[in-house]
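One-letter residues, chain by chain:
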Amino acid sequence: MVDPPPYPERDTGTDQGPTAGTPRWVKVSGIIALAVVVLLLILLRAGGNHGPGRHESSRGPGAPLGSVPAATQDRP
Amino acid sequence: MALTPRLRKLALTAHVTSSVGWLGAVVAFLALSVAGLTSQDPQTVRAAYLVMELTGWVVLVPLSLASLVTGLVCSLASIWGLFRHYWVLFKLLINVVATIVLLLYIQTLDHLGDVAATATFPSSDLGGLRSPSPVLHAGAALLLLFVATTLAVYKPRGMTRYGQRKQRRHRTVLIP
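Protein chains in written order, with our numbering: chain F, 1 to 76; chain E, 1001 to 1176.
This is chain F alone, in the form it adopts within the complex (with noise of 0.2 Å):
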């Protein structure tokens, strides 16, 4: 069993070869990538600190919830 040619309808077409230039929808999806690659780091930059330390809150990591941050614990 062998695969089929890709495209094998198309390739033996005439307006529109294998040698044709870069498809619309490549293009079209490459500007959309491009602007949500560019728009991510814009909003990375932005935000801050992103990962795990994000979400750390003031009580610092691995403290039980509920538990009051160690800065505020002495305040009448």
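Bear in mind the hints are in silico, worked out from the structure with no lab data behind them.
Any given hint could be a false lead.
What the hints assert, rightly or not - Far from chain E, by Cβ distances over 10 Å, these chain F residues were calculated:
no.: 1; residue: V26
no.: 2; residue: I31
no.: 3; residue: L34
no.: 4; residue: A35
no.: 5; residue: V38
no.: 6; residue: L41
no.: 7; residue: I42
no.: 8; residue: R45
no.: 9; residue: A46
Stated by the list, open to error - Within a straight-line C-alpha distance of at most 25 Å, the following computed DSS-like cross-link-like pairs (lysine-lysine) qualify:
no.: 10; chain 1: E; residue 1: K1155; chain 2: F; residue 2: K27
no.: 11; chain 1: E; residue 1: K1166; chain 2: E; residue 2: K1155
no.: 12; chain 1: E; residue 1: K1166; chain 2: F; residue 2: K27
no.: 13; chain 1: E; residue 1: K1009; chain 2: E; residue 2: K1155
To be verified - Label-pair ranges, simulated between beta-carbon atoms:
no.: 14; chain 1: E; residue 1: V1061; chain 2: F; residue 2: L41; range: 24 to 30 Å
no.: 15; chain 1: F; residue 1: A33; chain 2: E; residue 2: V1020; range: 32 to 38 Å
no.: 16; chain 1: F; residue 1: L40; chain 2: E; residue 2: P1156; range: 23 to 29 Å
no.: 17; chain 1: F; residue 1: L44; chain 2: E; residue 2: L1003; range: 26 to 32 Å
no.: 18; chain 1: F; residue 1: W25; chain 2: E; residue 2: V1058; range: 35 to 41 Å
no.: 19; chain 1: F; residue 1: L41; chain 2: E; residue 2: I1079; range: 36 to 42 Å
no.: 20; chain 1: E; residue 1: S1039; chain 2: F; residue 2: T22; range: 46 to 52 Å
no.: 21; chain 1: F; residue 1: R45; chain 2: E; residue 2: P1062; range: 15 to 21 Å
no.: 22; chain 1: F; residue 1: L41; chain 2: E; residue 2: K1009; range: 38 to 44 Å
no.: 23; chain 1: F; residue 1: G47; chain 2: E; residue 2: T1038; range: 18 to 24 Å
no.: 24; chain 1: E; residue 1: G1024; chain 2: F; residue 2: V36; range: 20 to 26 Å
no.: 25; chain 1: E; residue 1: R1006; chain 2: F; residue 2: A46; range: 29 to 35 Å
no.: 26; chain 1: E; residue 1: T1044; chain 2: F; residue 2: K27; range: 41 to 47 Å
no.: 27; chain 1: E; residue 1: G1024; chain 2: F; residue 2: K27; range: 29 to 35 Å
Fair warning: this is a prediction, and the values are worked out from it, not measured in the lab.
Glycine residues also receive a C-beta, built at the ideal position from the N, C-alpha and C atoms.
We have chain F already, so just place chain E on it with the hints.
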């Protein structure tokens, strides 16, 4: 890479299974992350983050790596190639980016899981645990994997320059 037709079918079956399994696992992960973000029950929130951590290590990471490896085998062992067609190239990029982001994000899941595991109850303060981050990451992953699946099914035409060169060379050999 030369494979017998039977091995090619096996590799393709493994690729489809792991890729679609990955997509399904992300849907389940998204449901957990929404529950973790919105539930009013502290135990549900805690359980959601613990299961998310486990799912990340036991399901998502293995499936993503399996999808990547089987995808490489399938493309290199078939006439589609890895760099000849844009749709294959896009799928490869999506798979690599999604896998890298997942491997980096697993540290955040570990952290959230640790916080959930050490949380004391009863507690109404879940602010440190609740995070929209898993929802955002799972949503983005779902979108990427859906695009990859669509590309695999529709196989939109378009050859890269490398693919065109290879095809011209192939035709020259066949028709000197």
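So, going through the hints one by one against the coordinates:
With a cut of 10 Å on Cβ distances, F:V26 falls inside the contact zone with chain E, its closest approach being about 5 Å. Even its closest Cβ contact with chain E, about 13 Å, leaves F:I31 beyond 10 Å, as expected for a residue assigned away from the interface. Here F:L34 stays apart from chain E, with its beta-carbon at least about 12 Å from theirs, past the 10 Å limit. With a least beta-carbon separation of about 14 Å from chain E, F:A35 lies farther than 10 Å from that chain, consistent with its non-interface assignment.
Residue-level check passed: F:V38 sits 15 Å from the nearest beta carbon of chain E, beyond 10 Å. Residue-level check passed: F:L41 sits 14 Å from the nearest beta carbon of chain E, beyond 10 Å. With a least beta-carbon separation of about 15 Å from chain E, F:I42 lies farther than 10 Å from that chain, consistent with its non-interface assignment. Every CB of chain E is more than 10 Å from the CB of F:R45 (nearest about 17 Å), matching its label as outside the interface.
Look at F:A46: its CB is around 15 Å from the nearest CB on chain E, clear of 10 Å, so calling it non-interface holds up. As the CA atoms of E:K1155 and F:K27 are separated by approximately 16 Å, the hinted pair is consistent with the 25 Å bound. Annotation: proposed proximity of E:K1166 to E:K1155 holds, straight-line Cα distance about 19 Å (limit 25 Å). Our distance criterion of 25 Å between C-alpha atoms is met by E:K1166 and F:K27, whose separation comes to about 22 Å.
Proximity of E:K1009 to E:K1155 is assessed by CA-CA distance (about 18 Å); at most 25 Å being required, the pair is judged to hold. At about 25 Å, the beta-carbon gap between E:V1061 and F:L41 stays in the expected band of 24 to 30 Å. A hinted range of 32 to 38 Å is violated for the C-beta pair F:A33 and E:V1020, which are about 23 Å apart. Between F:L40 and E:P1156 the C-beta distance comes to about 25 Å, which sits within the given range of 23 to 29 Å.
About 41 Å separates the C-beta atoms of F:L44 and E:L1003, a value inconsistent with the hinted range of 26 to 32 Å. For the hinted restraint 35 to 41 Å between F:W25 and E:V1058, the CB-CB distance of approximately 36 Å keeps it satisfied. Range check, F:L41 to E:I1079: Cβ separation about 37 Å, and the 36 to 42 Å hint holds. Between E:S1039 and F:T22 the Cβ separation comes to about 47 Å, which falls inside the hinted range of 46 to 52 Å.
A hinted range of 15 to 21 Å for the beta carbons of F:R45 and E:P1062 is inconsistent with their spacing of about 33 Å. Checking the proposed 38 to 44 Å range against F:L41 and E:K1009 shows it holds: the Cβ atoms sit about 42 Å from each other. Restraint check, F:G47 to E:T1038: a C-beta distance of roughly 22 Å satisfies the suggested window 18 to 24 Å. A hinted range of 20 to 26 Å holds for the C-beta pair E:G1024 and F:V36, which are about 24 Å apart.
In this structure the supplied range 29 to 35 Å is violated for E:R1006 paired with F:A46, their Cβ-Cβ distance being about 53 Å. A hinted range of 41 to 47 Å for the beta carbons of E:T1044 and F:K27 is consistent with their spacing of about 46 Å. Between E:G1024 and F:K27 the CB atoms are about 32 Å apart, so this pair conforms to the stated range of 29 to 35 Å.
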